[in-house]
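Assemble the complex: chain A is given as a structure, and chain B must be docked to it using the hints.
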Amino acid sequence: MKNSIVFIFLLFSWVSLYSQNDEYIRMDSTIDIKQKLSEHSESTNSIHSSFVQEKHLWMLNEVIISKGIFLFKKENNVRWQYDSPIEYTIIIHNGKFTIVSNNKVSEFDIDSNPMFREINTMIVTAIRGDFIDNPDFKSEFLENNTRYLARLVPVKEQVSSILTSIEIYFDKQNMNVEKVIFNEPGDDFTSIIFTEKKINEAIPDSRFQVH
Amino acid sequence: MLKSLVNKISILLVVLIALSCSNKEYRPLTAIEKKEISGVFSEEFDKQLYQTTMKVFNKELTGVTLIKHTQTSHRVVFMSELGVKYFDIEVPFSADEDPKVHYMMSLLDRKLLVNMLLNDFDLLLRTPSHNSKIHSTGYVYSLLDEKIIYQIESTGINSISKKRCFFKDKLLVDLRRTSKVYPDTIIIDHGNIVSEYISINK
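From first to last, the protein sequence lines are chains A and B.
Going by the numbering used here, 204 is the number at position 204 of the first sequence; the sequence numbering is gapless.
Going by the numbering used here, 186 is the number at position 186 of the second sequence; the sequence numbering is gapless.
Looking at chain A on its own, in the form it has when it is part of the complex (with noise of 0.2 Å):
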């Protein structure tokens, strides 16, 4: 009997310690982070990475999968392919937005259409961490032992109609992002697991061009 109420009570202090550990907090000076974000930002100058995607549909009580490859490369160069469940490519360079969709590819000027101009700037806005001070959002930083955590509210009517919120989790040993999630009106979000990250590797233009 004895021996249970010291386990029970060790097992509570454990999952009171966990959730202390894990427990968000808002940061109340950011000045901290944001030369830190701005560091990085500055430092990185390519990213490749796999990436899970799950998108929860919580009426449903459904999550669907989609795996693939992240490729930025300095200044505004993305690859961003899924390979599963379809396949799927949007790739920005040199002001071009280029889609590979069932083998049909397809060109838009980023700046020539207004919905593609904010899907480019969350993309990378999200991924490189490059939101400081960016006049689109509102942002507020929290953070427990291992991360740190960028919540960004969108101020254009246009993209908070489609998103409420954008949460940023980066890794606060090397300040890389490792995970985003996209909030959407209602409780269906989109996270997005980055994995296998490799920072400075040498990538060439030609992957950032459709073959």
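Don't read these hints as lab results, they were simulated from the structure.
Heads up, the beta-carbon is just placed ideally off N, CA and C, and yes, glycines get one too.
Partial chain B-side listing against chain A, Cβ under 7 Å, derived:
id : residue
1  : Thr62
2  : Lys68
3  : Arg75
4  : Glu81
5  : Gly83
6  : Val84
7  : Ser106
8  : Ile200
Using the frame of chain A, we list chain B on its own:
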């Protein structure tokens, strides 16, 4: 002379109308056939993902559509590859309840388009009524439910058309299937608005 000719033409027209609008080849369903009626998605259907292309005038939307059987309805959610939701529509099993929109992206929230989508999914997801009539030609059956014709082959419904008096029946939904449970391909062509759904096999 002219009056007589007009009369003859009138009679001929009436006969033509009567013949072209006739459903004489159709007969009522037997009790067993009523039990066997299945919709485009069979009773065993649970859920399926479809790669989707929707052309709306000169714009093209692509992504993934989830069609799911819930306790009381079918739910259709179309979202972009990046996970951004375009629409979420529910079609209740009960014929007394209308289909409803749970979410529609503001970009698509136009009365004409929304009504078209609601009608399309209502047509696609409802089961033909027990009052339907049947006509068989060999291995192919046709079910006539008021003005809607369901063409049925061994794997299930492979097209939905609207019966017309003077013209060829109008194809509303074109289906390709290898399974009785759900179609592999769904094409709904309204001319300016065309949707194509291709099943994703994991």
